[in-house]
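Same order as they appear, the protein sequences are chains W and H. Each residue of the first sequence is one higher than the last, beginning at 4 in the working numbering. Each residue of the second sequence is one higher than the last, beginning at 4 in the working numbering.
Note that these hints are calculated values from the structure, not bench results. Remember, predicted model here, so these are calculated numbers, not experimental data. Some hints could be false.
[Said to hold, decoys possible] Okay, derived cross-link-like pairs now, SDA-like style, lysine to any residue, Cα gap no bigger than 20 Å in a straight line:
(1) H:LYS403 - W:PRO472
(2) H:LYS169 - W:ILE88
(3) W:LYS522 - H:PHE404
(4) W:LYS497 - H:ASP54
(5) H:LYS497 - W:GLU63
(6) H:LYS181 - H:LYS213
(7) H:LYS355 - H:GLY323
(8) W:LYS355 - W:PHE298
(9) H:LYS497 - W:SER66
(10) H:LYS497 - H:LYS539
(11) W:LYS403 - W:PHE298
(12) W:LYS111 - W:ASN142
(13) H:LYS355 - W:ALA373
(14) W:LYS514 - H:GLU64
(15) W:LYS514 - H:ASN19
(16) W:LYS370 - H:PRO333
(17) H:LYS324 - H:ILE456
(18) H:LYS24 - H:SER36
(19) H:LYS253 - H:VAL270
(20) H:LYS24 - H:PRO250
(21) W:LYS522 - H:ASP54
(22) W:LYS497 - H:ILE62
(23) W:LYS370 - H:VAL358
Protein chains: 2
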Amino acid sequence: MKIAWAQLNFHIGNFNANAAKIIEQINIAKVDSVDLIVFPELSLCGYPPLDFLESNHFIEECSKTIALIAMHCDGIAAIIGAPAINNNETGKRLFNAAYFLNNKCIEKIIKKTLLPNYDVFDEYRYFEPNINFEIIAFNNHKIALTICEDLWDQQDETFTPLNHAKMYTISPMQELMKLNPDCIINIAASPFSYVQHKTRLKVLQRNAIKYQLPLIYVNHCGAQTELVFDGGSCAFNKEGKLIATAPFFKENYQHFNLFQSDEKLIVEYAFPSKNELIYKALICGISDYFSKQNFKQAILGLSGGIDSALTLVLAVAALGKENVMAVLLPSAFSSAHSIDDALALVNNLACKHQVVPIEDSFQSVLKTLAPSFADTAFSVAEENIQARLRGVILMGLSNKFGYILLNTSNKSEMAVGYGTLYGDMCGGLAVIGDVYKTEVYALCEYINKEKEIIPINTLTKPPSAELRPNQKDSDSLPEYDMLDAILFQYIENKMSAEEICELGYDEKLVKRVLNMVNKNEYKRKQAAPVIRISPKAFGMGRRMPIVANYTI
Amino acid sequence: MKIAWAQLNFHIGNFNANAAKIIEQINIAKVDSVDLIVFPELSLCGYPPLDFLESNHFIEECSKTIALIAMHCDGIAAIIGAPAINNNETGKRLFNAAYFLNNKCIEKIIKKTLLPNYDVFDEYRYFEPNINFEIIAFNNHKIALTICEDLWDQQDETFTPLNHAKMYTISPMQELMKLNPDCIINIAASPFSYVQHKTRLKVLQRNAIKYQLPLIYVNHCGAQTELVFDGGSCAFNKEGKLIATAPFFKENYQHFNLFQSDEKLIVEYAFPSKNELIYKALICGISDYFSKQNFKQAILGLSGGIDSALTLVLAVAALGKENVMAVLLPSAFSSAHSIDDALALVNNLACKHQVVPIEDSFQSVLKTLAPSFADTAFSVAEENIQARLRGVILMGLSNKFGYILLNTSNKSEMAVGYGTLYGDMCGGLAVIGDVYKTEVYALCEYINKEKEIIPINTLTKPPSAELRPNQKDSDSLPEYDMLDAILFQYIENKMSAEEICELGYDEKLVKRVLNMVNKNEYKRKQAAPVIRISPKAFGMGRRMPIVANYTI
Numbered sequence: 004m005k006i007a008w009a010q011l012n013f014h015i016g017n018f019n020a021n022a023a024k025i026i027e028q029i030n031i032a033k034v035d036s037v038d039l040i041v042f043p044e045l046s047l048c049g050y051p052p053l054d055f056l057e058s059n060h061f062i063e064e065c066s067k068t069i070a071l072i073a074m075h076c077d078g079i080a081a082i083i084g085a086p087a088i089n090n091n092e093t094g095k096r097l098f099n100a101a102y103f104l105n106n107k108c109i110e111k112i113i114k115k116t117l118l119p120n121y122d123v124f125d126e127y128r129y130f131e132p133n134i135n136f137e138i139i140a141f142n143n144h145k146i147a148l149t150i151c152e153d154l155w156d157q158q159d160e161t162f163t164p165l166n167h168a169k170m171y172t173i174s175p176m177q178e179l180m181k182l183n184p185d186c187i188i189n190i191a192a193s194p195f196s197y198v199q200h201k202t203r204l205k206v207l208q209r210n211a212i213k214y215q216l217p218l219i220y221v222n223h224c225g226a227q228t229e230l231v232f233d234g235g236s237c238a239f240n241k242e243g244k245l246i247a248t249a250p251f252f253k254e255n256y257q258h259f260n261l262f263q264s265d266e267k268l269i270v271e272y273a274f275p276s277k278n279e280l281i282y283k284a285l286i287c288g289i290s291d292y293f294s295k296q297n298f299k300q301a302i303l304g305l306s307g308g309i310d311s312a313l314t315l316v317l318a319v320a321a322l323g324k325e326n327v328m329a330v331l332l333p334s335a336f337s338s339a340h341s342i343d344d345a346l347a348l349v350n351n352l353a354c355k356h357q358v359v360p361i362e363d364s365f366q367s368v369l370k371t372l373a374p375s376f377a378d379t380a381f382s383v384a385e386e387n388i389q390a391r392l393r394g395v396i397l398m399g400l401s402n403k404f405g406y407i408l409l410n411t412s413n414k415s416e417m418a419v420g421y422g423t424l425y426g427d428m429c430g431g432l433a434v435i436g437d438v439y440k441t442e443v444y445a446l447c448e449y450i451n452k453e454k455e456i457i458p459i460n461t462l463t464k465p466p467s468a469e470l471r472p473n474q475k476d477s478d479s480l481p482e483y484d485m486l487d488a489i490l491f492q493y494i495e496n497k498m499s500a501e502e503i504c505e506l507g508y509d510e511k512l513v514k515r516v517l518n519m520v521n522k523n524e525y526k527r528k529q530a531a532p533v534i535r536i537s538p539k540a541f542g543m544g545r546r547m548p549i550v551a552n553y554t555i
Numbered sequence: 004m005k006i007a008w009a010q011l012n013f014h015i016g017n018f019n020a021n022a023a024k025i026i027e028q029i030n031i032a033k034v035d036s037v038d039l040i041v042f043p044e045l046s047l048c049g050y051p052p053l054d055f056l057e058s059n060h061f062i063e064e065c066s067k068t069i070a071l072i073a074m075h076c077d078g079i080a081a082i083i084g085a086p087a088i089n090n091n092e093t094g095k096r097l098f099n100a101a102y103f104l105n106n107k108c109i110e111k112i113i114k115k116t117l118l119p120n121y122d123v124f125d126e127y128r129y130f131e132p133n134i135n136f137e138i139i140a141f142n143n144h145k146i147a148l149t150i151c152e153d154l155w156d157q158q159d160e161t162f163t164p165l166n167h168a169k170m171y172t173i174s175p176m177q178e179l180m181k182l183n184p185d186c187i188i189n190i191a192a193s194p195f196s197y198v199q200h201k202t203r204l205k206v207l208q209r210n211a212i213k214y215q216l217p218l219i220y221v222n223h224c225g226a227q228t229e230l231v232f233d234g235g236s237c238a239f240n241k242e243g244k245l246i247a248t249a250p251f252f253k254e255n256y257q258h259f260n261l262f263q264s265d266e267k268l269i270v271e272y273a274f275p276s277k278n279e280l281i282y283k284a285l286i287c288g289i290s291d292y293f294s295k296q297n298f299k300q301a302i303l304g305l306s307g308g309i310d311s312a313l314t315l316v317l318a319v320a321a322l323g324k325e326n327v328m329a330v331l332l333p334s335a336f337s338s339a340h341s342i343d344d345a346l347a348l349v350n351n352l353a354c355k356h357q358v359v360p361i362e363d364s365f366q367s368v369l370k371t372l373a374p375s376f377a378d379t380a381f382s383v384a385e386e387n388i389q390a391r392l393r394g395v396i397l398m399g400l401s402n403k404f405g406y407i408l409l410n411t412s413n414k415s416e417m418a419v420g421y422g423t424l425y426g427d428m429c430g431g432l433a434v435i436g437d438v439y440k441t442e443v444y445a446l447c448e449y450i451n452k453e454k455e456i457i458p459i460n461t462l463t464k465p466p467s468a469e470l471r472p473n474q475k476d477s478d479s480l481p482e483y484d485m486l487d488a489i490l491f492q493y494i495e496n497k498m499s500a501e502e503i504c505e506l507g508y509d510e511k512l513v514k515r516v517l518n519m520v521n522k523n524e525y526k527r528k529q530a531a532p533v534i535r536i537s538p539k540a541f542g543m544g545r546r547m548p549i550v551a552n553y554t555i
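Using the sequences and the hints, build the whole thing.
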């Protein structure tokens, strides 16, 4: 049996475009005499559709579109993820389903059993879990068709979101094995993090080996606001050896015989480095944010520091140098090297730039506020006014010329609230908001590995917000090595203050950092969407109360 | 059997304060010779604790605190909502539980069966649903103890969130009836909306009548950022007649005999008007946002328009006139009546105010941007610069003096994106962000019913943002009567464009409005938290993709 996968980049709610893409691949596969072509989970509507699933109109569009696609399935079968209406009298009104299309019909609808409802996932908000197990008989084969999480029941500690040995009380594959399948198909919408591809491979391989069945896995690629889907579709033989892999972050169509057992066909996954993966994920995140909204041009404030430098490099890589405007916004507190470093980077990238000094506006606002501020010392209020005036100017240029403002905050800053709300926190998309400062350095070194793109001085000088004379980040924050290590244990590993101290960190420091994280939830509530690259990003995957007392 | 309820206002994560409150009520009840005192769902940690539930430390604190409270339960029993650890090998690691404390012990832990996971609820993110049903035997009575949603299985169309006849496949009360209980206790965390109290009463009453059992219902009061809990605890006899009610939005302790059948004890619920409820809910929302974070003073921009006028009245009612600073920020486009109306209101309320004209700063920013803006016409860019400079000034005063900025955007504006991101969208709390413009008028009339607090001119003049000469809202938007009616059908009633048109609205207008709603998701993503007063507020209860194509 000749099987193909179509690892595609879908547009949420764009039924026409998504259907056209699917039909195009079906037609290609027909020419290749493919028997069965497989598309990812919820391909038809894009993932995650969120509360669009509560719209009856949206569901009707799904039904119409799947019927249309079915008409193209003659001489070829297709598996396509899409919502299905629950016709039972009880339960949520939808299933997360896989449609088996054949002979111009919907021949079977297979429903997802395990509905992830943690981190960025909210599937139980919309879908009823499946409880009836069925096999697809096709071409003398019996297919165990599963949807993403359905293969993730055998969790062990290394990848259990809640540290509970087994989050699910049911094993879809164990149920399906009673029906004697001869292969496993898994359609997925599995978002990227820099550890996910390895975990995923391990889980899939374990399923192939455990059930001694060949397995094909088909994932989305492309970005949906915060979430980046890395693709990485793959197929295993029944010994759990890889026989086909798709590239990361790219659309891919491939066909092969899932039941061949030629040892020569076994392939190796060449895992890209963490930096390469993050670099590509962020470019994908920017690129799709723009293309899917028909935006062309980006703007950002370039300070001469490392965060805006990295963001600019990524924006230019994603959108082209002709589509990125870097704005230098010097104040009286900007050092000469800041301007020089920023200009050197602009020069290296050959992108557009302009210089808009904020000093006059700053003085004017101070003068206006002088009666109110009388007899007070220069404080964080004056610091923030500068950051906010930069926001005013960047958004002014954005509104005037249609640029989309990219936010340049890193994850360490967002964690401890070291940023000005409505100032440097402005922007439509927080490009590096899930990248810790130490990871920002590592990414810059990765970018500079062949030639110096980001000026070396940007990488070596001490980080500073330059909002008061001779300010350094280290005046207000621990050194970033230390800060990031503590943040990682708290945010990614969900350790308590006590547990982090047991790792050898100073108790006072740990409590100070954790309290900063907690009390700045209000700022993150109003932050731009963050491109997720870690297993625990700020945004939809981390939901904390704003009003709460949880002093560590 | 003498039963008491304690309708209390808890502080999320503040175990010491919550425990102290609970113990205080237990001690009062002991003096009253109460047999059993009942506290709301998840009292111990506050509701909703969100991802704090993923912290092991947080769960350990819950366990320690419940053990401490149990020590006070001698000569009295108590029912207290708190998370319980799932000791089974499979399933999510927690239950949403009700602890039955007696004889200084945890005598029983009852677990929640129906976990709401729609709108503002995410309970399936944290909790495993109960599947084993038990009765509490106490004082020769057999109590069917249920937790909030557990009584909401018999939904009919009028209050089903997803329009599906029955969302749940199991009925906890039907299971419990097999064990012959003689009363029902329901502990809840049921947030306010202006329809919720009536729906709730109907559901509770239906349970009492259906099972012919007396029923006591105990709810939270107080606000948790977006969510306001209105209390409204109540008790029914087995005929479904009310025998006790608690006030709305206030802490309340009351004891009574659930099994008395004296007809004279039957009470009537005097439902407050919609305006009164919303007025009180918003005051509660402001008040608790401040008190639970140890904030004292609020600031807001007062334009002379109706939205900021209403917000100021609410802030003064919540925080006291001495704690509210109104700032007039006139520009060259501000009309004389705007300043007069604003000053008249300040005068009526006797609150603090200052006038900070933005014209000089506006001109300064324009001059700075002149080289970039050369040869362009005055546009939305210049309009927004004014709104953003107001944000800079208000946040400057906030940072300098510790005021919390209140946002004054209404729901109609937030819906269609008629507001400036980082400008008039600034603020820590969006006080009237769930109140449509037409409801804003109704609330102002309610406030003015005895004497003119909000100047009549503010209520009668055409709404204007005053960001360009002679601007009126109606230049950009449909009349608010029409706009709000369409928005309500789309947002609250989830109707499609087609369905709304069938109600008689113009198709072009409907599509224009719905497209405005969809394409402004990015603004709402960065909005301040909105106090929820409707069944469908922007924020945690409405989750839409930002990047999506869903042109109506």
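Hints, one by one, checked against the model:
1. H:LYS403 - W:PRO472: The hint holds at about 19 Å.
2. H:LYS169 - W:ILE88: 14 Å, holds
3. W:LYS522 - H:PHE404: 18 Å, holds
4. W:LYS497 - H:ASP54: Given pair W:LYS497, H:ASP54 holds - Cα atoms ~10 Å apart, limit 20 Å.
5. H:LYS497 - W:GLU63: Holds: H:LYS497 and W:GLU63 sit about 14 Å apart, inside 20 Å.
6. H:LYS181 - H:LYS213: This hinted pair holds, its Cα atoms lying about 14 Å apart.
7. H:LYS355 - H:GLY323: 11 Å, holds
8. W:LYS355 - W:PHE298: 17 Å, holds
9. H:LYS497 - W:SER66: Holds, at roughly 18 Å.
10. H:LYS497 - H:LYS539: 10 Å, holds
11. W:LYS403 - W:PHE298: Distance ~14 Å between W:LYS403 and W:PHE298 Cα, so the pair holds.
12. W:LYS111 - W:ASN142: 15 Å, holds
13. H:LYS355 - W:ALA373: 18 Å, holds
14. W:LYS514 - H:GLU64: Cα-Cα ~17 Å, so holds.
15. W:LYS514 - H:ASN19: Holds, at about 19 Å.
16. W:LYS370 - H:PRO333: 16 Å, holds
17. H:LYS324 - H:ILE456: 14 Å, holds
18. H:LYS24 - H:SER36: Roughly 19 Å between the alpha carbons, so the hint for H:LYS24 and H:SER36 holds.
19. H:LYS253 - H:VAL270: The hint holds at about 19 Å.
20. H:LYS24 - H:PRO250: 19 Å, holds
21. W:LYS522 - H:ASP54: The hint holds at about 15 Å.
22. W:LYS497 - H:ILE62: 12 Å, holds
23. W:LYS370 - H:VAL358: 14 Å, holds
Of the numbered hints stated above, none is contradicted by the structure.
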